[in-house]
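Line order of the protein sequences matches chains A and B.
Residue numbers for the first sequence follow my numbering, beginning at 63 and rising by one.
Residue numbers for the second sequence follow my numbering, beginning at 3 and rising by one.
There may be inaccurate statements among the hints.
List time: in silico PhoX-like cross-link candidates among lysine-lysine, alpha-carbon distance up to 20 Å [stated by the list, open to error]: (1) A/Lys116 with A/Lys130; (2) B/Lys64 with B/Lys46; (3) B/Lys29 with B/Lys64; (4) A/Lys165 with B/Lys46; (5) B/Lys46 with A/Lys168; (6) A/Lys165 with A/Lys130.
No wet-lab data here; the hints were simulated from the structure.
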Amino acid sequence: KNEVEQSPQNLTAQEGEFITINCSYSVGISALHWLQQHPGGGIVSLFMLSSGKKKHGRLIATINIQEKHSSLHITASHPRDSAVYICAVTNYGGSQGNLIFGKGTKLSVKP
Amino acid sequence: NAGVMQNPRHLVRRRGQEARLRCSPMKGHSHVYWYRQLPEEGLKFMVYLQKENIIDESGMPKERFSAEFPKEGPSILRIQQVVRGDSAAYFCASSPPSGYSKNIQYFGAGTRLSVL
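Bound conformation, chain A alone:
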């Protein structure tokens, strides 16, 4: 079993829909990261969080430490949101660079 699991693996949505991507992890963590990988391959860091909730524009990330679960929400989705969304954790006690990654959720938003 992977230490970081994401669901769903693939997601197709219509423009304007509310989207949720889930991430569960099985290790103790000091931080959780959400990343976006564009179709061209570039990676952008969206959020880093260790508790609660963060919001940036139409993106919202939440984390429940007790349940070892995080969600990434996209409100009013748009075709330009189409990308692979990756959850990663910094293992508690590990070095800050040693991220453990999920396999990603491929999102496709249709106009």
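Dock chain B against chain A, hints included.
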């Protein structure tokens, strides 16, 4: 303020040759990380470096792979005697030296290595 710069973007090597991948971190960043993404697989941590020091190399293959981050110049990931299984996208990231932001990593565009 330029982002993390990786070069080359694409690199083609024949089996047995050496591959050198370069990464210039963002200005003011002293921490560099290398990750590998094999085809159809997720990202995997390789190595974490600070200037002139390797902090964590637990993800580096034991043979043929090495990394450095000298006092001057870019970080280099070196793969000797490449094999077809080394074909992958290699990403570099950097972060600032201290404060809350030190855990936020900024990624380069990656180097896509193809071994013929």
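Against the structure, test the hints numbered earlier, and report the numbers of the ones violated in rising order.
3
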